[in-house]
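Student: Here is what each chain is made of, one letter per residue.
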Amino acid sequence: MSPESYEALTAGIQKMPTGIADFDEITDGGLPRHRTTLVIGTPGSGKTLLALQVLVNGAKHWGEPGIFVAFEENSHQIIQNAATFGWDLLTLERERLFFLDARMSPEAIQSGDFDLLGMLASLSAKAAEIGAKRIVFDSVDVLLALLDNGRAERRELYRIHDWLAQSGLTGILTARSESDESVVAHRYDFLQYMADCVVLLQHKVLESISQRDMRVIKFRGSRFAENAFPLVISTSGIEIFGSGGEAKQFPVYTERVSSGVADLDTLLVGGYLRGRTVLMTGLPGTAKTTLCGAFLEAACLRGERTLLASLDESSDEIVSNLASVGIHLQPHLDSGLLKMYWSSREALSAEEHLISLRRVIREHQPQCLVINPLWMMLQSGRDILNIITNTQRLLLLTKNAGITSIFTSLLSDPSEHSEETPYQISTLTDTWVHLSYILQAGERNRALSVVKSRGVPHSNQVHQMILSDKGITLRDGYAVNGQVLMGRRRNAQETADQSKGERTRLEIDQQRRELELTEAEIKTRIQTFQLELGVKRAALRLLELEQTQQQGEVSGQPQDAPLLSDTRLDGPGTKSDGIQTSSDNALNQGN
Amino acid sequence: MTLPSDPTPDTSNGDTGELLIITLYVAGHSLNSLRALTNLKTICQTYFPGYYQLDIVDIFDDPLRAVKDKVLVTPTLVKTAPAPVIRIVGDLRETETVVLALQSVGKKS
Chain A
1 MSPESYEALT AGIQKMPTGI ADFDEITDGG LPRHRTTLVI GTPGSGKTLL
51 ALQVLVNGAK HWGEPGIFVA FEENSHQIIQ NAATFGWDLL TLERERLFFL
101 DARMSPEAIQ SGDFDLLGML ASLSAKAAEI GAKRIVFDSV DVLLALLDNG
151 RAERRELYRI HDWLAQSGLT GILTARSESD ESVVAHRYDF LQYMADCVVL
201 LQHKVLESIS QRDMRVIKFR GSRFAENAFP LVISTSGIEI FGSGGEAKQF
251 PVYTERVSSG VADLDTLLVG GYLRGRTVLM TGLPGTAKTT LCGAFLEAAC
301 LRGERTLLAS LDESSDEIVS NLASVGIHLQ PHLDSGLLKM YWSSREALSA
351 EEHLISLRRV IREHQPQCLV INPLWMMLQS GRDILNIITN TQRLLLLTKN
401 AGITSIFTSL LSDPSEHSEE TPYQISTLTD TWVHLSYILQ AGERNRALSV
451 VKSRGVPHSN QVHQMILSDK GITLRDGYAV NGQVLMGRRR NAQETADQSK
501 GERTRLEIDQ QRRELELTEA EIKTRIQTFQ LELGVKRAAL RLLELEQTQQ
551 QGEVSGQPQD APLLSDTRLD GPGTKSDGIQ TSSDNALNQG N
Chain B
592 MTLPSDPTPD TSNGDTGELL IITLYVAGHS LNSLRALTNL KTICQTYFPG
642 YYQLDIVDIF DDPLRAVKDK VLVTPTLVKT APAPVIRIVG DLRETETVVL
692 ALQSVGKKS
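Residue numbers (our numbering), protein chains in the order written: chain A, 1 to 591; chain B, 592 to 700.
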């Protein structure tokens, strides 16, 4: 049992698990065994509870008996308080726990100096009797106040420290810090030097919402996570939301998960990526919840476990609202595939929401998750950093578990808020779907665009989203002069464009006809000219013949004159029939 | 160990003469405990000669007794009779305080 053995010295710090969710992970295994841990905190930060929980867990889970030395409360109060967390201390007390009421009776009279030798001797005996491994002194500041003497305080604290080292017990001392500042009252500074591990608990109230966190300030001979982590006092005791352990390689899936909307799946080349996170932004009424509902219904129909966490809107409201657009969640709620988690905004702090969510996620083990809306749930006051930190915490959880998640957020236009939170959150997510409405011609049309989608080629168009009792459909954007048209405006534009096309066709027909007519007329004229040419040529021949006859009459041959007139009359007559025929043909063609 | 009380009670302090039963819890031979023992003996012999019964418990010898009696700091003096029970912690260096505490309560009965 002696920690001074060679093995113990060379093995480095041994750890004693606390059994408190994520505390052991933050401290890389728990509290230092056979050493002193100091838990400092403001009033109401959970010091006593933390110490008690370490003791109870030790007794329950590792069969390590423990002693609780109560300077502040009496053991009855402690047992009563513990019962509210479902810890049956009375049963445990009989077997493995011992409570020492160390409250100084208010009637006790003080005269001169005293020390803790007697108490420590008693505790040694008791520890040996029950085989104790863990011991809590709650709280040392009450003890120090009794001593009321700087030198005596140090002497007695070192006495406890040395006694712990010799006894082989793992000790937890609690001490109250006077203010909300992280620094313990100067008076107790030396406590921090003395202890091997120092844990600071803080309790703040932000905009009337209570907030707690824990931070390991020091841990001799051990590594630990140095950040402050949210701490929540829930129905099962203290819960801490750690970093989720070492930075892990998230499971990578290439599978697509249907969004529940066929058109959106097409847009995203098959759907959302399995195990990834989708950010869905938009103003109220842009159908964020509907899209989430479609996603969940599709998942349930595939037989996957799903979880819907919402704020302010009760499960019944959501189910009945979604039923009106043809999304039926009730059967899945009944079968247990779908679980609803909801809470009112003011009921819990962001950290409490986070930890409750984690509990529900761990219990239900969903494959698909919707958090609607995200910010409201993870926001503590106006602290933007806090939202981001909390979102990161949640993302680690969902990504590690390979849960496909949709987080929704109220946001009007992504381009207008480039410097604000949603943008910063968006960098943490893999897909960003933005919903909006476009106001045109006295109507409001829903629009959907995929702002980003990591690792997926996707359309950059704004699509019109139509909700009907048949479900959700998307229409490609109809762009005119750089403006996307939707709804009636789009329909009108389409009709206008169609009738314009018809007119153009008719006009072209008309023009073609006119040109054909012109062509026919020209052909007719050409034939007329050709006939005229024939007539002129015939006339020329006659003229030549006459000339020859006159030369003959001079030599005595006059009877050729009637011949000449016949030729002149018949010739053109025959030819003129031909002209009329071809001219008619041309006109017929023209008609 | 029980110290025998003085065989001839001195009633000069005008007390009722009721037996004073006190227990002093000490931690071995530590400084505060030794001082308390010395101081207490002087007080008893001076102010309550002959009618006190002093029981001394060394917690190092009987550590579980202290737990049972709910004694935490050492030295602690407990007066069990006459009623009511009274506790005085410290090395009992302030004689007047200690005497008054033991006496005034005793006088009421």
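Treat each hint with caution, since some may be false.
Only some residues are given here: those of chain B computed to face chain A with a beta carbon under 7 Å [claimed, not checked]:
no. : residue
1   : Ser621
2   : Leu625
3   : Ala657
4   : Leu663
5   : Val680
6   : Glu685
Hints listed in this document are in silico derivations from the structure and should not be mistaken for laboratory results.
No residue lacks a Cβ here, since even glycine has one placed at the ideal position from N, Cα and C.
Student: Look at each hint and say if it fits the structure.
Tutor: Here is how each hint holds up against the structure:
{"no.": "1", "hint": "Ser621", "verdict": "holds, 5 Å"}
{"no.": "2", "hint": "Leu625", "verdict": "violated, 12 Å"}
{"no.": "3", "hint": "Ala657", "verdict": "holds, 4 Å"}
{"no.": "4", "hint": "Leu663", "verdict": "holds, 4 Å"}
{"no.": "5", "hint": "Val680", "verdict": "holds, 5 Å"}
{"no.": "6", "hint": "Glu685", "verdict": "holds, 4 Å"}
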